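There are 2 protein chains.
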Amino acid sequence: MIKRALPVTREADFAAWYQSVITEADLAEESGVRGCMVIRPWGYGIWERIQRLLDDRIKATGHENCYFPLFIPLSYFEKEAEHVEGFAKEMAVVTHHRLVSDGKGGLTPDPEAKLEEPLVVRPTSETVIGTAFARWIQSWRDLPVLINQWANVVRWEMRTRMFLRTSEFLWQEGHTAHATPQEARDETLKMLEVYREFAETCLALPVVAGEKPENERFPGAVATYSIEAMMQDGKALQAGTSHFLGTNFAHAQNIRFQNAEGQFEHANTTSWGVSTRMIGGVIMVHGDDAGLRVPPRIAPWQIVIVPMLRDAPEDAALVDYCKALQAELAKGVALGEPIRALLDLKPAKAATKRWGWVKKGAPIVIEVGGRDMAGGNVSVIRRDRLYREDGKLDSQVVAKDALVADAAAMLEGIQAGLFEEAHDRLRASIAPVEDWAGVEAMFADATKPGWADVRWSKPTGAALDAVVARLKALKLTIRNAPMGQTGADSGPCIFTGEPAVERVLIGRAY
Amino acid sequence: MIKRALPVTREADFAAWYQSVITEADLAEESGVRGCMVIRPWGYGIWERIQRLLDDRIKATGHENCYFPLFIPLSYFEKEAEHVEGFAKEMAVVTHHRLVSDGKGGLTPDPEAKLEEPLVVRPTSETVIGTAFARWIQSWRDLPVLINQWANVVRWEMRTRMFLRTSEFLWQEGHTAHATPQEARDETLKMLEVYREFAETCLALPVVAGEKPENERFPGAVATYSIEAMMQDGKALQAGTSHFLGTNFAHAQNIRFQNAEGQFEHANTTSWGVSTRMIGGVIMVHGDDAGLRVPPRIAPWQIVIVPMLRDAPEDAALVDYCKALQAELAKGVALGEPIRALLDLKPAKAATKRWGWVKKGAPIVIEVGGRDMAGGNVSVIRRDRLYREDGKLDSQVVAKDALVADAAAMLEGIQAGLFEEAHDRLRASIAPVEDWAGVEAMFADATKPGWADVRWSKPTGAALDAVVARLKALKLTIRNAPMGQTGADSGPCIFTGEPAVERVLIGRAY
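First to last, the protein sequences are chains A and B.
In terms of the numbering used here, the first sequence has 500 at position 500, counting the first letter as 1, and numbering is strictly consecutive.
In terms of the numbering used here, the second sequence has 22 at position 22, counting the first letter as 1, and numbering is strictly consecutive.
Treat the hints loosely; a few may be bogus.
Note: identical chains are not told apart, hence a pair may lie in one copy or across any two.
[As the list claims (entries may be wrong)] Listed next, the in silico BS3-like pairs over lysine-lysine satisfying Cα-Cα at most 25 Å (straight line):
| hint | residue 1 | residue 2 |
| --- | --- | --- |
| 1 | LYS114 | LYS190 |
| 2 | LYS458 | LYS89 |
| 3 | LYS392 | LYS349 |
| 4 | LYS114 | LYS104 |
| 5 | LYS346 | LYS104 |
| 6 | LYS392 | LYS114 |
| 7 | LYS59 | LYS448 |
| 8 | LYS346 | LYS190 |
| 9 | LYS114 | LYS400 |
Since the hints were derived computationally from the structure, they do not count as laboratory data.
Here the structure is a predicted model, which is why all the values come from computation and not from measurement.
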């Protein structure tokens, strides 16, 4: 008997539930601008935590942040045929630089201010950053170049869904150039591993890291790797990608260097990115029927204190008691950082605030009433153990000092528990399947099918197209070929019957 | 006798010197995209420090960060006439959402993919944020709303100059809504004060905070305040603005609330922003003929260690010595934060690296050679005392332990010294002037004229237009009316002869 649940449960309608978490947890909202959302403070606070923690890792691996222009001249895209083919259909194009009156009380782009060359709003920055690399790189001594930028990008999506697929989104994009293909491949895999570790440690999101099949490669890449997360409805979310670009972009943009022997070579480049899409993954992995549950490492506030004020003279003492508690908690260190504790003094009823923070997914909510204060106690709600077996809210009265002493361990326990729960689900949702009939059977039942783990012969060209078409008929895609395969497990490809070269994961995806 | 100076001195050509600092210090470069620059790692690192320090202050005053769309429908702008009038001439307009082949091997905006309503790339976000405020605010209980965003904005500038005026720039824009005009005015001035304190404390940039005259107000504002900094060529740089918008935007966007008595009222709103322009101010206030000098609080690296490597077996011991030094320095705390020390192991000659860091303006550069190491010493260069009286580089050999013990005090001394030097210059460059003839005389000599401090009667309408025209003929503008005037100092307005109501600063500006 769960009270105060969201308007819709995961079981009843997962898509509607996802939307209701975003609304009820004040994460984001429609903006009135087609396909673009407003990220509200709680949602943006989670993104700021993601930025801080991932940025530390990007810098620790030797990368420096830069900033490149939002606008990219059309001609930059024309140089790499596959790349432009991949993005041309979804590009926002700036054609004018001034507005004038339309004579009817409104405004219109000024025909006198038409740009000679249209500008594309960046969908990704390989072309403009590659142009800079060509200026920066002359000699082997200039390599490697290891840079990253935090930016907004625009891909004009016809069907949008908040956080998962929006016309404008926020991301980081790393771009590097190296002297040899091996170094660039190593970089590509190093950043894939940074993403895996970050997703698992910080977002409590267990993922499978692996290589995407040829048909799912980034336009212009030689190889694309991804981390794939398992949502509660059994679908996959590609949560980050890392690309080995070989010399494709270096040829298109003339990124050359003189090697130690004085000969000119093209550089090998990489790119890699994660975006606000990750927040969609956090919602669909950790949310429950009461709202979001934010892993403590990325929670803007890890502990929220709600005093039960009564508009009475005793309120002042209660606020003082809560302020002292906040100060004591903030002195603690959990998960390697000072504890982030908020005292919520907004003018609203305590019960409204409590449920607001439960829906937002603050890891720990502490309520303090007059009786708690008199006994030197507080009432503690752990977001990961919201209800008792009997369906009642699990609010526990504990001594204030004990809570302060336990807070760090509690937060660490919540972080670990969320990961474990998701990890168990991931493992339980991947099934080895021996043949195509098994795949058909597995996905005939549409309820949380998970992923099939199958052998394949890694076909290319027309043979791959045929595989993709068969999968597409069942709304399936190959997610990736997990890393670390030993090749010991041999057998026939489920598609071609030829000897398999590796195992791949197949599933439905966002 | 200063060696290794930039290609041009401040005295010879201030504008060319400014440009050479940006190039030689690797701060930024032209991107190939008209009016847009690439911000390189050292320049972006300074911006990241600015963001971190200012963001802390914005949050400490109760504001939360959000993110709003890059694109704003044309119709949003049409609602506030003054506002659109102010920005229409410099707006980048998106008209298409897809590219197609032009049949000649190139690409062109797809005529089939023309947007029904053109989208403007935000020049500032009052209109789109106001639309959100109208959704969020229903009751007096919802007020105040205090938000901020870090974002890129675009104003199509015909004449651009790196950091000072670029078509795209990075900034923060705060937007707030309040129940009463007094609260909104208080907020406007509170954030002006946050900017003043931030500029002086963190950027070591002494500024004059004051109210802009009516003709310099933000389009749609009731009152605009600024902080104005004095560049070394005597010109002013408006380094931040804070606007009281009254109910102008609330009327245009229907931001209404029910007050405690149940009546509907329009909210009073504010907005305030600073941008990457501040970096231009840091260059023009603290730079010298050897390059940039970065105040320690905003230096990405405060201390850079350059080992004098010789490609010899002894190098390993020298690197270990330097690593130990770096670790010891990093344990220290200066200006309230852990010291940021870099060990520069890039493959380049030590002298090249030394001059590179001098040009970049790292506050302290430490060179370590074999002889230094043998004696337990290091050679220290303070960027604020680069040369001795005799013109030789002031590199001082000190015991390593003494350097570690003194580093924090040294950094604090550099921060304070840069501020003092700039503050002395600011004070020396403002001259009280009693009449218009005095203004003409002061600005007849074009060399570093500084600002005139004059009485005026604060005329409006046509009388103000006449004042503006007289000033414009001398390339002058009213910078602001400094805060905290007591009104005790009376006399005639230098323009109208009428009794003055306040003093204003007049000068040339960027």
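Hints and how they fare:
{"no.": "1", "hint": "LYS114 with LYS190", "verdict": "neither (45 Å within a copy, 42 Å between copies)"}
{"no.": "2", "hint": "LYS458 with LYS89", "verdict": "neither (29 Å within a copy, 56 Å between copies)"}
{"no.": "3", "hint": "LYS392 with LYS349", "verdict": "within (20 Å within a copy, 70 Å between copies)"}
{"no.": "4", "hint": "LYS114 with LYS104", "verdict": "both (21 Å within a copy, 21 Å between copies)"}
{"no.": "5", "hint": "LYS346 with LYS104", "verdict": "neither (46 Å within a copy, 62 Å between copies)"}
{"no.": "6", "hint": "LYS392 with LYS114", "verdict": "neither (65 Å within a copy, 56 Å between copies)"}
{"no.": "7", "hint": "LYS59 with LYS448", "verdict": "neither (38 Å within a copy, 42 Å between copies)"}
{"no.": "8", "hint": "LYS346 with LYS190", "verdict": "between (45 Å within a copy, 21 Å between copies)"}
{"no.": "9", "hint": "LYS114 with LYS400", "verdict": "neither (67 Å within a copy, 62 Å between copies)"}
Going down the numbered hints, you'll see the structure goes against 1, 2, 5, 6, 7, 9, while the others check out.
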